[in-house]
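A.B. asks: First residue of the sequence shown? That's 29 in my numbering, and the numbers climb one at a time after it.
I should point out that these hints are in silico values taken from the structure, not numbers from a laboratory.
A few of these clues could be false.
Stated by the list, open to error - With a straight-line cut-off of 25 Å between C-alpha atoms, the simulated DMTMM-like cross-links for lysine to aspartate or glutamate are:
no.	residue 1	residue 2
1	K121	E136
2	K81	E71
3	K102	E163
4	K98	E71
5	K139	E159
6	K81	D56
7	K39	D75
8	K102	E91
9	K124	E156
10	K155	E109
11	K50	E68
12	K102	D56
13	K65	E91
14	K139	D101
15	K121	E156
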Amino acid sequence: MNIDEIIKSIKNNEGFRSRVYKDSLGFDTIGYGFAIKNLELSESISDILLKQKLLMLIINIHERFQWFRKMPDKIQGVVVEMCYQLGITGFSKFRKTIAYLANKRWKEASKEMMNSRWAVQTPNRAKELSEIVRES
């Protein structure tokens, strides 16, 4: 048995879809025919997916925010985490925070982060990330 040939055949027959779709039996499916209903992910597979998603997200952040690459690592980490949670479009709505970050005005950026619906909805995360910014 050659696993690589089996993989090639399955990929050819299943096709790849990056978004959820209904298969021929009406089940939500993604990727190479992975039925979501009973799909279980191990933590190690989730770690791989998370890392891949973060790498793509960081590329997109670099493209969208020219100031990002000049920021200290901790600030970059906060921006990446916020973009992961909110999406880049959602993060983009933090106009004042972004302006303060771009100008390295950490205390003002931290305050603006806490002055948001995001901080109300996820107070622990918002407080943790805003403290990182404030202390930078």
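A.B. asks: Could you grab the alpha-carbon distance between K124 and E156 and see if it respects the 25 Å cut-off?
C.D. replies: holds, 19 Å
A.B. asks: Is the straight-line distance between the alpha-carbon of K121 and that of E156 25 Å or less?
C.D. replies: At roughly 20 Å apart (the allowed maximum being 25 Å), E156 and K121 satisfy the hint.
A.B. asks: Checking one constraint from the list: CA of K139 to CA of E159, max 25 Å. Satisfied?
C.D. replies: The hint holds at about 9 Å.
A.B. asks: Would you check the hint for K102 and D56, treating anything up to 25 Å between C-alpha atoms as holding?
C.D. replies: violated, 38 Å
A.B. asks: Starting from K98, check that the Cα of E71 is at most 25 Å away, please.
C.D. replies: Outside the cut-off at roughly 33 Å; violated.
A.B. asks: So if I understand the rule, the pair passes when the alpha-carbon distance is 25 Å or less; does K121 with E136 pass?
C.D. replies: holds, 16 Å
A.B. asks: Would the pair K102 and E91 pass a check requiring their Cα atoms to be no farther apart than 25 Å?
C.D. replies: Satisfied, since the Cα-Cα distance of roughly 19 Å is no more than 25 Å.
A.B. asks: Between the alpha carbons of K102 and E163, is the straight-line distance 25 Å or under?
C.D. replies: Given that 25 Å is the threshold and the Cα spacing comes to 10 Å, the pair holds.
A.B. asks: Take a quick look at whether K65 and E91 sit within 25 Å of each other, Cα to Cα.
C.D. replies: Violated - the C-alpha atoms of E91 and K65 are around 36 Å apart, more than 25 Å.
A.B. asks: Holds or violated: are the alpha carbons of K81 and D56 at most 25 Å from each other?
C.D. replies: holds, 21 Å
A.B. asks: Given the hint that K39 pairs with D75, does the C-alpha gap stay at or below 25 Å?
C.D. replies: holds, 23 Å
A.B. asks: Hint check: K139 vs D101, CA-CA at most 25 Å. Holds or violated?
C.D. replies: Status holds; Cα separation ~20 Å.
Hints 4, 12 and 13 from the earlier list are contradicted by this structure; the remaining hints agree with it.
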